[in-house]
Each structure stands twice: as C-alpha cells, then as structure tokens.
Amino acid sequence: MIGNPKNKQRNLGEFEFLILAALVRLGGVADGAAIRVQIEQRAKRDVAVGALYTTLDRMEKKELVRSRLGEATAKRGGRARRQYQIEAKGSHSLRHSLQGIQAMTEGLAIRNAYGICR
Amino acid sequence: MLTGFAVDMDPEKAIHPTPPQFAKNWLRLLAPTAFADAMLGDMEEEFVDQYAHSGADKARRWYWSQVLLSTPALVGRVIRVQPIFLTFISVIAGALALKVWITFALYLFRKLYEINLFQGSVTAALSTRLAIELLGFYVAGYVLGRIVRHAPARFAKLWIAGLFVLWMLLALPPLWLEITGEVPMPVWYRVAWFVLMLPSLWAGTLTGKRH
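So the sequences go chain by chain: A and B. Counting from 1, one number per residue, gives the positions in the first sequence under our numbering. Counting from 1, one number per residue, gives the positions in the second sequence under our numbering.
Since the hints were made in silico from the structure, they are not lab data. Watch out, some of these pointers could steer you wrong.
To be verified - With a straight-line Cα cutoff of 27 angstroms, these simulated DSS-like cross-link-like pairs (lysine-lysine) come out:
| id | chain 1 | residue 1 | chain 2 | residue 2 |
| --- | --- | --- | --- | --- |
| 1 | A | Lys-75 | B | Lys-58 |
| 2 | B | Lys-58 | A | Lys-44 |
| 3 | B | Lys-58 | B | Lys-24 |
| 4 | B | Lys-209 | B | Lys-157 |
| 5 | A | Lys-61 | A | Lys-89 |
| 6 | A | Lys-75 | B | Lys-157 |
| 7 | B | Lys-24 | A | Lys-61 |
| 8 | A | Lys-62 | B | Lys-58 |
| 9 | A | Lys-89 | A | Lys-62 |
| 10 | B | Lys-58 | A | Lys-61 |
To be verified - Have a look at the derived ranges for each label pair, beta carbon to beta carbon:
| id | chain 1 | residue 1 | chain 2 | residue 2 | range |
| --- | --- | --- | --- | --- | --- |
| 11 | B | Leu-196 | A | Glu-106 | 28 to 36 angstroms |
| 12 | A | Leu-98 | B | Ala-131 | 28 to 36 angstroms |
| 13 | A | Asn-112 | B | Leu-196 | 55 to 63 angstroms |
| 14 | B | Gln-21 | A | Arg-95 | 38 to 46 angstroms |
All of these numbers come straight from a predicted model, not from anything done at the bench. Don't be surprised by glycine CBs; every beta carbon is placed ideally from N, CA and C.
Please model the entire structure based on the sequences and the hints provided.
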C-alpha cells in the first residue's frame, strides 16, 4: 500500500542505492574508500568523501548498514578504518528498489537526439 | 626540496606528506566524532598516494576539492542533527540578510533622495521605507525558512525571539546611527516596528520552508 509507513521506510535515495549496491559488489563488507572507488568506477560519478560518510552515517541510523572500527596505519595518519557491513534491512531495501527499477526499465528504449536506441 | 619525483624514486625514505592543516581542521570541526577519523584517514591515505604518484600540487588540489565538495553535506548534517547550532546560524543568517538588505536599500534610498526624486513628498518617503523594510523582513524570513526547513516547527519561536533580540541590538543608538545614518529610534518604536514586520517575516519563513 502506498500509505503504509513500512513501505515508505524501504525507499532508498539514489546515493543510498549506489552505496548498498557497491557494498554488495564488495562482498557485503567494505570501508569507505573502497565504496567510493567502486561507485566512481562503475557509476562514473565523482563522490565527495564527506557526502559518502554523511550518507553512511544516516544509513547506519536507519539500520541499513552497521560499522565497526578496523586497523589504523601510519599512512592514514594513525587513524582507524571504519568497515561497513550491509544489514538484512539494507539487503531488503536494495532488493525492493532494484525490483522497482527493473520493472520500470524493462523493455525501455531510450532514443538519443538522432533517434537511435541505446 | 621534496618533489614528486623524489617521492616516486624512494617512497619509504621520503618525509611523510601531510594534507593542508587548515583543511584538516575545517573538516574535523564539521565532521562528527562517529566518522571523523575514518573520513580523515581515507582522505590522508588518498592524499599520500596522490602525492607519491602525481606530486604535491595535485595532491593538495585534490584534498582542497574534496574539502569544498564535502562541506555542503557536512554542514547540512550539522544543521539537521544539532538544533541549537541550527537556531544560532539561522538567526545570524536571517539578521545578516536583514541588515545587508536594509542597509543597501536605505543607502540607495538616500541617494535617490539626494537627487530630489523623493523630496517634497514625505508620504512617498515613508511608504518607500515601509516597503523596503517589509521586503527586508520577508527576505530574512525566507533565509530562515530555507535553512531550517527540516527542523521542527517549535524552533520557529526561537528564530523569531533570536531575531528580535538582534533587531533590538541592531537598533541601539550608536549602531543604528552607523548603519542608517538616521536619528536612533526609541525602544517602544523599535518593538512596535518589529511587531509590524512580523507577518512579513513569518510569511517569508513559511515560503522558505516550503520551497
């Protein structure tokens, strides 16, 4: 049902969707740097580190992902990595969003200015 | 002198490059403790890689570009999660919009007055003044609304109260004289003027919140 708040909770933002998809591609667990590289390489989209961590923080509060501290290295100025892991709720939301996108794009032909389908 | 080439040749012996201190401090100020270390660590790691492969200039440019691109998201988060900070900056932003607008408009008004456009018509001068300030308060309200659009409505009272205090401070005789070049207003007049402007301020706030 459209008005059901549980359904509303499952809706992911575009960036949240990309982050969860990147996490799944990276085996379900990854740090912020790996997620950023994955999105930049696959989605061809520049990602600001601050925007990524802000979104991950919000997703953690929504229980879509959880995080734990990893190892610290000298190259990182002695700062610890934070490993993010996708939660069951995150997988569910990702599947739900993916189904919606697949349903909407199935058989869809996008023509460019010359009328050629891509 | 340490160069990108030297780092390429012998990264182990090179001095550990560090990102610009001011940029790091700025990010630390904005980022919450929950992820500040992880974020700064990622950036420092990438900075060191860029430094080794592309040189100091490119690494610094990359770091600063990340700081600039990250700032809106980090500031947005602070505004969403910290109501006191939100109230503080919204009042300051609103007061600044108000002050800048009114000062500029009154300056223009005085110039027009000097070239005799309004001379001989006190009514026209007063109505113009009223229009300028109504619009000024509307703009101030709009700025408040834009900034606090995700905040609970109860903070509206705080914004208005804060703006009122600032308005009273702004209209202190020496400041008022400095800003407007006019005779300072008595206190009752300042209060009455603010009350008169409240609907305009409120309308601007609602518009800003809805956009």
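Hints, verified against the model:
1. Simply put, A/Lys-75 and B/Lys-58 have alpha-carbon atoms about 18 angstroms apart, close enough for the 27 angstroms limit, and the pair holds.
2. Between the alpha carbons of B/Lys-58 and A/Lys-44 the distance comes to roughly 21 angstroms, so the proposed pair stays at or under 27 angstroms and holds.
3. For a cut-off of 27 angstroms, the pair hint linking B/Lys-58 to B/Lys-24 stands: about 17 angstroms separates their Cα positions.
4. The straight-line distance between the Cα atoms of B/Lys-209 and B/Lys-157 is roughly 14 angstroms, inside the 27 angstroms bound, and the hint therefore holds.
5. The straight-line distance between the Cα atoms of A/Lys-61 and A/Lys-89 is roughly 12 angstroms, inside the 27 angstroms bound, and the hint therefore holds.
6. Note on A/Lys-75 and B/Lys-157: the hinted pairing is violated, with a Cα-Cα distance of about 49 angstroms set against a maximum of 27 angstroms.
7. Restraint check for B/Lys-24 and A/Lys-61: the C-alpha separation of about 26 angstroms stays at or below 27 angstroms, so the hint holds.
8. Simply put, A/Lys-62 and B/Lys-58 have alpha-carbon atoms about 37 angstroms apart, too far for the 27 angstroms limit, and the pair is violated.
9. For the hint pairing A/Lys-89 with A/Lys-62, the CA-to-CA distance comes to about 9 angstroms; that is within 27 angstroms, so the pair holds.
10. Restraint check for B/Lys-58 and A/Lys-61: not satisfied, since their Cα atoms lie roughly 36 angstroms apart, outside the 27 angstroms limit.
11. Hint check: B/Leu-196 to A/Glu-106, Cβ distance near 60 angstroms, so the stated range 28 to 36 angstroms is violated.
12. Separation of A/Leu-98 from B/Ala-131 is about 55 angstroms and departs from the stated range, judged on CB atoms against 28 to 36 angstroms.
13. Judged by the Cβ atoms, the range 55 to 63 angstroms given for A/Asn-112 and B/Leu-196 holds: they are separated by roughly 57 angstroms.
14. Evaluation of the 38 to 46 angstroms hint for B/Gln-21 and A/Arg-95 yields a pass: the beta carbon distance comes to about 45 angstroms.
Hint compliance for this structure: hints 6, 8, 10, 11 and 12 are not met, and every other hint is.
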